[in-house]
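Starting from the known structure of chain A, fit chain B onto it as the hints suggest.
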Amino acid sequence: MASLKDLRNRIASVKATQKITKAMQMVAAAKLRRAQEAAEAARPYAERMDRVLANLSAGMAGRADAPALLAGTGSDKVHLVVVATADRGLCGGFNSSIARLARTHIRKLIGEGKTVKILTVGRKGRDALRRDFGDKIIRSWEFTGIRQIGFAQAEDISRAVLELFEAGEFDVATLFYSKFVNVVSQIPTAQQLIPASVPAGAGGGVDLGGAVYEYEPDETEILKDILPRNLSVQIFRGLLENVAGEFGAKMSAMDSATRNAGDMIKKLNITYNRSRQAMITKELIEIISGAEAL
Amino acid sequence: MADKLQFDLVSPERLLFSGQVDMVAIPGAEGDMGIMAGHAPVMSTLRPGIVNIDEAGKPQQRIFVRGGFAEVTPKGLTVLAEFTVPLAELDAAALDREIAHAQEDVTDAKSDAKRQAAQEKLDHLKQLRQVI
Numbered sequence: 001m002a003s004l005k006d007l008r009n010r011i012a013s014v015k016a017t018q019k020i021t022k023a024m025q026m027v028a029a030a031k032l033r034r035a036q037e038a039a040e041a042a043r044p045y046a047e048r049m050d051r052v053l054a055n056l057s058a059g060m061a062g063r064a065d066a067p068a069l070l071a072g073t074g075s076d077k078v079h080l081v082v083v084a085t086a087d088r089g090l091c092g093g094f095n096s097s098i099a100r101l102a103r104t105h106i107r108k109l110i111g112e113g114k115t116v117k118i119l120t121v122g123r124k125g126r127d128a129l130r131r132d133f134g135d136k137i138i139r140s141w142e143f144t145g146i147r148q149i150g151f152a153q154a155e156d157i158s159r160a161v162l163e164l165f166e167a168g169e170f171d172v173a174t175l176f177y178s179k180f181v182n183v184v185s186q187i188p189t190a191q192q193l194i195p196a197s198v199p200a201g202a203g204g205g206v207d208l209g210g211a212v213y214e215y216e217p218d219e220t221e222i223l224k225d226i227l228p229r230n231l232s233v234q235i236f237r238g239l240l241e242n243v244a245g246e247f248g249a250k251m252s253a254m255d256s257a258t259r260n261a262g263d264m265i266k267k268l269n270i271t272y273n274r275s276r277q278a279m280i281t282k283e284l285i286e287i288i289s290g291a292e293a294l
Numbered sequence: 001m002a003d004k005l006q007f008d009l010v011s012p013e014r015l016l017f018s019g020q021v022d023m024v025a026i027p028g029a030e031g032d033m034g035i036m037a038g039h040a041p042v043m044s045t046l047r048p049g050i051v052n053i054d055e056a057g058k059p060q061q062r063i064f065v066r067g068g069f070a071e072v073t074p075k076g077l078t079v080l081a082e083f084t085v086p087l088a089e090l091d092a093a094a095l096d097r098e099i100a101h102a103q104e105d106v107t108d109a110k111s112d113a114k115r116q117a118a119q120e121k122l123d124h125l126k127q128l129r130q131v132i
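Those protein sequences? They're chains A and B, same order as listed.
Numbering-wise (my numbering), the first sequence opens with residue 1 and increments by one.
Numbering-wise (my numbering), the second sequence opens with residue 1 and increments by one.
In isolation and in its complexed conformation, chain A is listed as follows (with noise of 0.2 Å):
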């Protein structure tokens, strides 16, 4: 049985340790406001965005001219894969569901006879897919020393991909990342940038009052000059999704870890009253009878 020296510096450890946590779930609190605040105002953009294309690529649909990066290559035998995740752990199962998402969708690409080409955003992603297909990794990118992400971050990545779309490096591209529900719940999501994948329903939501746009530049222009912003687009709504369900599930987390940790003291406190009283119980004992033994 531990001491109870031992055990009353197991209680002050784990009190230390319930103080980090309940500092880190704080933290996580603040900043979730931010990040959400962040995905809030980025929604106008996007939704916008999605309405613009959607009105354009109605109108492109079956054309032989279309881009590229709506109509694809045209064949789906490389795929490049995009991950994005928490730079940082202690969030839960946050990193690796994604992960996990992200590695069933490559393996049953590869039983497919596909060739898979992976890039990894935030360095818990390329950790947790370093080891099974360290080899297909292209590049990654971490985002440690950035305090808040911006489109510059995600248009980086952008450019990344588009330049490897028109060497031809690959015919369809999805990305991964967890969709920010609530701060209990981030589910992980795959969706394709690359033919850029049209949101059904968004188009046609402006009356135009029987007039028809007037495209300057015409529609096919205009629609190579969007489809890249788009994806630019599209991915910094994706990395703003993930840093919202990071905090959400770093707060959970720290908030289950702040709980656990004061069960532990509780338990482990009356041990240490247990463990006392048997030993005052064993002194006053051996007093006893060795007054009786006199």
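Please note that the accuracy of each hint is not assured.
Keeping only pairs whose Cα atoms sit at most 27 Å apart, straight-line, the calculated DSS-like set for lysine-lysine is [what the hints assert, rightly or not]:
| # | chain 1 | residue 1 | chain 2 | residue 2 |
| --- | --- | --- | --- | --- |
| 1 | B | K126 | A | K224 |
| 2 | A | K224 | B | K75 |
| 3 | A | K114 | A | K136 |
| 4 | A | K15 | A | K31 |
| 5 | A | K224 | B | K121 |
| 6 | A | K266 | A | K282 |
Because the hints were derived from the structure by calculation, they are not lab data.
Please read these numbers as outputs of a predicted model, since none were measured by experiment.
Frame of chain A; chain B shown alone:
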């Protein structure tokens, strides 16, 4: 001219401007356009330049935009721009210093990727310098 135009200026990071205005001049890819209420639906890409917002009784607002497009619907005008900065926040002297810095970065860059990034930054700054 009782009618007002609903104008929204959106960047990926936030909604910059939203409100009723008299006229907005935008730098369209094929020429500047002045948009007033009741304009026919148009969709146009933008070249880097200045968006002028005219509001009765208020000083004109000038905002630099880069990389984006404008959409006119019967409901109003929406400008989506990747990079925006109000001209009032720009300072020619500070910008000149930045340009000098960027120029050094381009000459000092060790790898191609770095040089490309520095060059992009320089071009971007030069565009900004041109408009003020």
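Violations among the numbered hints, reported as their numbers in ascending order: Of the numbered hints, all hold.
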